[in-house]
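Asks: Protein chains in written order, with the working numbering: chain A, 6 to 791; chain B, -17 to 465.
What you were told as hints is all true, and nothing was included just to trick you.
No more than 25 Å apart at the CA atoms, straight line, and that leaves these computed lysine to any residue pairs for SDA-like:
{"id": "1", "chain 1": "A", "residue 1": "LYS685", "chain 2": "B", "residue 2": "LEU208"}
{"id": "2", "chain 1": "A", "residue 1": "LYS28", "chain 2": "B", "residue 2": "ARG12"}
{"id": "3", "chain 1": "A", "residue 1": "LYS28", "chain 2": "B", "residue 2": "ALA13"}
{"id": "4", "chain 1": "A", "residue 1": "LYS28", "chain 2": "A", "residue 2": "ALA512"}
{"id": "5", "chain 1": "A", "residue 1": "LYS517", "chain 2": "A", "residue 2": "GLY203"}
{"id": "6", "chain 1": "A", "residue 1": "LYS28", "chain 2": "B", "residue 2": "LEU(-9)"}
{"id": "7", "chain 1": "A", "residue 1": "LYS685", "chain 2": "B", "residue 2": "ALA388"}
{"id": "8", "chain 1": "A", "residue 1": "LYS685", "chain 2": "A", "residue 2": "ILE132"}
{"id": "9", "chain 1": "A", "residue 1": "LYS28", "chain 2": "B", "residue 2": "HIS16"}
No lab work stands behind these hints: they were computed from the structure.
The structure presented is a predicted model; accordingly, all values stated were derived computationally and were not measured.
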Amino acid sequence: MDQPTPKHNPSARQPIAHDSAHKHVTGTARYGDDIPEPRGLLHTYAFPAERTHARVSRLDLSAVRAAPGVAAVVSAADLAATTNDIGPVFPGDQVFADGEVLFYGQPLFAVAAESIAAARRAAGRAIVEYVDLPAILTTDAAIDAEAFVVPSKTWGQGDPDRALASAPHRLSGRTTVGGQEHFYLEGQVALAVPGEDGDLLVHSSTQHPSEVQRAIAHVLGRADHAVTVENRRMGGGFGGKETQGAWFAVIAAWLAAATGRPVKYRLDRDDDMTMTGKRHPFVIDYDVGFDADGRIVALDVIQAADCGYAPDLSHSIADRAMYHADNAYYLGDVRVTSHRCRTHKVSNTAFRGFGGPQGMIGIEEIIEQIARATGLDPLTVRRRNYYGTENRNRTPYGMTVDDNILDPLTDELLASVDYARRRAAIADDNAANAVLKKGLAFTPVKFGISFTSKFLNQAGALVLVYLDGSVQLNHGGTEMGQGLHTKVAQVVAEVFGLDFERVRITATNTGKVPNTSPTAASSGSDLNGAAAYNAARKIVDRLLPVIRDHFDVPSEDAIRFGENAVHAGPRRLGSFADIVQIAHRARVQLSAAGFYATPKIEVDALGRGRPFFYFAYGVACSEVVIDTLTGEHRMTRVDILHDVGKSLNPAIDMGQIEGGFIQGVGWLTTEENVWDASGKLLTHAPSTYKIPVASDVCARFTARIYERGENVEDAVYRSKAVGEPPFMLSLSVLHALKDALAAIDGYRSAAPLNAPATPEAVLAAADAMAERAARRSISALPEPAE
Amino acid sequence: MRHTLRFLLGDTLQELTGVDPTQTVLAWLRANGHTGTKEGCAEGDCGACTVVIGRADADGAMVYRALNACIMFVGMLDGAQLLTVAHLAAADGTLHPVQQALVDHHGSQCGFCTPGFVMSLYSFYRSGQTPTRAGVSDAIAGNLCRCTGYRPIVDAALCMHDYPVVDAGDTAAIAARLRALDDGEPMDVGDGDRRFIAPRDLAGVQQALARHPTARLVAGGTDVGLWVTKQHRDLAVLIHLSRVSELQGIATSPTTLIIGGATTHATALSGLAALHADIGELFRRFGSCLIRNASTVGGNIANGSPIGDSMPVLIALGAEVELAGPVDRRRVVLEALYRDYQEQARASNELVARIVVPRLSANQRFGCYKLSKRFDQDISAVCAAFRITLDAGRVIEARLAFGGMAAIPIRARRAEAALVGQAWNEASVAAARDALAEELSPISDMRASASYRQRAAAQLLHRFWVETTTPETSTRVLAAEPV
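One chain only, chain A, in its complex shape (with noise of 0.2 Å):
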């Protein structure tokens, strides 16, 4: 792509607030339910299944039918001439039960009727019964069954069975780690609206209008250029509306198509919760060989994901738990396996990281077990099991890293956390306290960019000038608050050398751009802000003939587009509408459509290769306090230093460093979904299930953006992702809580603690550690005498 550094009246590198940041304060910001409501609107709802897995041996809608309200019912026998399955890549999410229930929750068949209760009170009409099956609630269980909702792959390099015979050390154990519900502020919700033609508009909110364009024209047996998605902005999406809003469209579009009315669908709190996929939990087997000096020289990983009951991406995100199996870490000869368990839960999903937190937490939790047998601080395994510059700095997948920065990354949050300080004071401290233990600890990330589906790299734009200079921006990039919007007009400004309000970003429209990529896996703005830097491109290249000849510029190489204007060299050739004016009077078209798709990347059938165009990379230092009679934990201060190469947006950037990083923390520590015996979600409201709130940022909270970054790959105007990789520095925060629980058994074993870490968990492992440490001082006792 080839970008000038930009230089002239830099919109890129601005802290800009975001686009809808006014919007956001005044409420005047529309989200999918503030949508005018059209006349003859119908709202729904969809029965869910009370079951985990059964038969259902008899359905009789015949009551629903006939209640007050009613428009419309469906369910899978409607369905059956077009399809019930809106599978994003393989086959096997449904829309809803076909005979079978999957999973709790399930919807058996949804309701349309002139408001919510009404459709809510005919759903309870239904005559429902079912045939109880056995369901598989667990991966071990699934693995014992084989049941898979893809197979299961393996990947490595080198002979880790010798290496690991012959490792001069070695250990094996188990961590496992539980899921996390999105919970995005607005819950999912989809409006259609029927037009001429059998067209229909539907406004939804999703990460992936084209995918819901496709899912709705399929189940309606109709062409792609019928349907037309719209999105705004969304409260949130984190991964979470990336296929699933598509389930929901579908539903009110099929209902839309039915009763020739306009129809919403919105889920209540409980509906979304108990619906929707969440973060897949992962259970991890290791077996790893490492030297005297805390040095990996071998491992046998096994990754086992908890995929619900359909594939939805789990392929692609049990893929990446495979690649950042690593983490910053060289593994020496490795076998990393991963099962993709099929389980009677929801279809788990996209989440901000996408099985890459997952993969490393298995890789940091064998750190932890080594610095413990062998006595080192955590950080100095870590150093020593760095990614290489020169050598050991291949990946188990067969790619080179060739942009490490993880040492300067290192050294630089080092010098100012004070760490060898803090890690004496804490021992004191721990030493002197038998009630509250502290903890630290210092955690890199790695983070792979780039779609793992090489075809996913591409995006699409369109950008209008008009006669009066001002500027509309389209791209197949959706807004979820992320400032993706912001960020690429920030691009689109800085070509035309204009101010940022002179851009006007419009909803993401599959009318306007094609066939567009999710939003997701980090590439909003290094993808679409690169298609966008394309179309306004072409249209400044058709320009610069014009102005050269208008004004008789000697060269288009004088020519400098900025402060709103048009200038050669120091002369100002008129505003930049001027010259606008100039070309259309010309006959110049002063719109374009850009392009872009990511170059370099490249893998074989199995996935190896080089996967990424680049990697982000960061550092983070986090400390905590435990309590080791109740479990109750706190971190106290926390210290990240994040590589976003040239920032775009400091401002924003700065925005997904800590709110990614709180989010992980959540993940790690108070979110936990519990299901009951029978498989039924008892965490589907923000009640019970508890997403960090203020007080839980500690006021000591440091965030900094690396001012030496710079992608070293031609992203646009050198920038990174940031959207994934800042939420697994709060890796740093699950360690801290380690190193305090391993205080207790003075520091010479790892503590048996999973995430999420609750105080119920922090208590059972502060108890096994304080057992481990009584019979250390029992066996330490002279035998007694006969």
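Use these hints to put chain B onto chain A, whose structure you have.
Replies: Here is chain B on its own, set in the frame of chain A:
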């Protein structure tokens, strides 16, 4: 009896008849096009629906409180001013300092929670308190943000007073208009048999109950609201207690604190906090600021949930409740109110009129603790409150009260017996711990397992002993500083 509901939306008078008794303020706002106020959870736990309610106090000054519109019934607005996110910017579009600070500090990302944060902080701004990190965090404990990690929101709040003051409008005129609306009349609005009745005195409550024996009494609505929004229960008649004058306010004496049954936790907080620092902290963690602005002390007691946090504290303190029936009033010790799960020694027409709370004496030691997955705005897995009375180092009375450990809020009588007459030392505490294990019968649920509850309950008694005997030992993670 008035049959019209009257309130101000911003500065516009609303006069409603035919209001459904269970329509929420949020539903009413959104149905009337005020979509800046959002629904995030419909259970008072996310704060996206936060609005500010202004009322004129006895001195004629306006008092503003932030509440959850999603679980507040429209009838509760009678005589109040309702402010939403749409009412803060000046007529010329100038943002309120709260709004401008949030923009300048990048305090919004997706923006869906933002109207709620704006209103919570607006209420805080109008309270005149100096923003501190702790004060701000408490003010927004009922507002969830999934995007920002809160740092920019807190930073915005810390400097919102640095912005030029915007014209708050003529609040004296608003107060005068509200006083003019307050005719002292009871209100009875609704549609046919579906009624929202707001008596102004206890006699009026009894009359309403006599007419509608199956009516549901409601004060703050922080539980009854969820019956409607979550359980979709059909409640035909609601009798609102918050405007009953005899049920309002707190009174103090050297030996007691007396709390009117419909006094909100927010109003009662300072009186409760004066009893003991732990009580202040526990009630600060009760619900959230948004909940405490609605929830009432008597409502929590009358609801009688085994996981309500008021009861263990009040039971340990030896509180009594005064029940007001159609004819008589009577007093019962609080623990005697609870017989079994959702079964009380209280007739359906007896109200919790007052709570009489004895103060601690010099020879008493007190501690109370709340264990939950999250510190703020979370329901307890275990709530414990302990009061022991010492004489020459021996325990002469013990009151050990627990929530979350049985089907009702209970006293651990066997553990108490194990302590009474003993020295307050590790051995007697160990004996009491053993007794606890025998008499407590917690369940496993989404908040904690039975075994955690059992162990933590005993550990809390141990913590109480550590804190009362070696106060120099740090035992609270919330107080711990980084090194």
